[in-house]
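Enquirer: Now for the letters of each chain:
4 protein chains.
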Amino acid sequence: MYERVWTVRFSDTDPFGIAHYPRIVDAIHETSDMFMQEIDFPFWELSQQRGFGLPLVEMNFEFERPVEAGDEVTIELTPNLGNRSVRFEYVARHNSKVAFSGHEQRVCAHRGGEGSRELPDDLRTAMAEYADD
Amino acid sequence: MYERVWTVRFSDTDPFGIAHYPRIVDAIHETSDMFMQEIDFPFWELSQQRGFGLPLVEMNFEFERPVEAGDEVTIELTPNLGNRSVRFEYVARHNSKVAFSGHEQRVCAHRGGEGSRELPDDLRTAMAEYADD
Amino acid sequence: MYERVWTVRFSDTDPFGIAHYPRIVDAIHETSDMFMQEIDFPFWELSQQRGFGLPLVEMNFEFERPVEAGDEVTIELTPNLGNRSVRFEYVARHNSKVAFSGHEQRVCAHRGGEGSRELPDDLRTAMAEYADD
Amino acid sequence: MYERVWTVRFSDTDPFGIAHYPRIVDAIHETSDMFMQEIDFPFWELSQQRGFGLPLVEMNFEFERPVEAGDEVTIELTPNLGNRSVRFEYVARHNSKVAFSGHEQRVCAHRGGEGSRELPDDLRTAMAEYADD
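Chains as they are written, first to last, in this note's numbering: chain A, 3 to 135; chain B, 3 to 135; chain C, 3 to 135; chain D, 3 to 135.
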């Protein structure tokens, strides 16, 4: 799996001192961006250079424990590969306890909205290194 | 149900001219805030004055059609009342077609994290006006 | 001048119950977007249809009084027209007292970064209606 | 001075492929948060534990060159110490060229809005290590 540490910032927090939900979603989304860069298929190059994208069709998250400013939250991303889609599965922990978890379902789509296509082999291979066996 | 119109802004949009997902989540979250203000239980008063909150425990959204800058998106919120929780159900449409939909599951919790409690009667009554029969 | 009301949301606020600065900047920026739509030159149409843009080259804001969730903040925007640029001057008030004020300096630029140009006459005329005499 | 690298993300970018201004402001603000953590006076501890804060009273930024998704932007922060205030001066470069620069003026204020006070000696000492001679 891929892993990064998100430090919750003062500007992410609410009157109770815990992170606002939209700021958690920002951190999750940033993690997908960092992962795609890590495997050398950054979102910002996919469409221009490869003619396809991975638009989000569903997101589902559960929030189990709040996180506070200064918390170092380990966010794991595991790609679960389909034929024409990929599910990014997330687990975020603080002090080894799950803070939030969930997934983003993404389809492999031709540029310009002409429908889905199979995941290209090189992208599949790159993602497979981070997938569960 | 409760309804508001969200105008997608230039600053919400990505290199394809469509709204970034985190900005859609911002708009959904803002809708819950506007609804609570509409029924006279604004989020910013709940805890201080009433001693309870409605923390989010789950969010689940599907994205069916992208939205673009200038689009006027009608976001409907229907509260689905439980005993100790409430589900905010959302349907967002542009030109009468569903753009995204989903729900936020919220529990009624004592302030300070001491566990859940029943929805207060006056809050239940206020929300019921916007619920499906 | 142009005027809109910004309601500070719970999700904009910090541990002291006041709006985070970046969220205030979001509100200011949204105001420029709403103004351009009001005068029928929305940002999202400028470049595609007219071949020029109004990129921001400077922003300068002062924060005099904090704003809280639920505050209805009146944000005024007055365009101050130059030859090849326009300054959007802002004053934001809550309960008739200035909360924050400042300006955005924008240049009129050819699409594609080929340098500045004079403000087109129709845009100048549309903005002039909201300018100070 | 203090320095961090900000990677511009796909979700920060606009229809021209460049970062939206509010997302640049987010990155600047995050830098101040990282700096305060670095010198062991994180924003989230100041008020609770020390009884004072550093509210922002002015921000002034110039945008010289746009930045794109994937750009690694080096943001430098140099504190310029006053008696009862501190100015955080920023210069952000990409490929050694200035992309944006400016400052945040912050006052040292007693908690609860009871006016300004001198910067505490230990905070002054900690910041001075990053100040210009």
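Hints are not guaranteed to be accurate.
Because identical chains cannot be distinguished in the list, a pair is counted as satisfied if it fits within a single copy or across any two copies.
[Unchecked claim] Once the Cα atoms are required to be at most 20 Å apart in a straight line, the calculated EDC-like pairs of lysine to aspartate or glutamate come out as:
no.	residue 1	residue 2
1	K99	E60
2	K99	E116
3	K99	D123
4	K99	E120
5	K99	D42
6	K99	E70
7	K99	E47
8	K99	D73
9	K99	D135
10	K99	E131
11	K99	E40
12	K99	E5
13	K99	D124
14	K99	E64
15	K99	D35
Hints in this document: simulated from the structure, not taken from any laboratory. Since the model is a prediction, treat every value here as computed from it, not as a measurement.
Enquirer: Which hints from the list above does the structure break, by number from lowest to highest?
Expert: 3, 4, 5, 7, 9, 10, 11, 13 and 15
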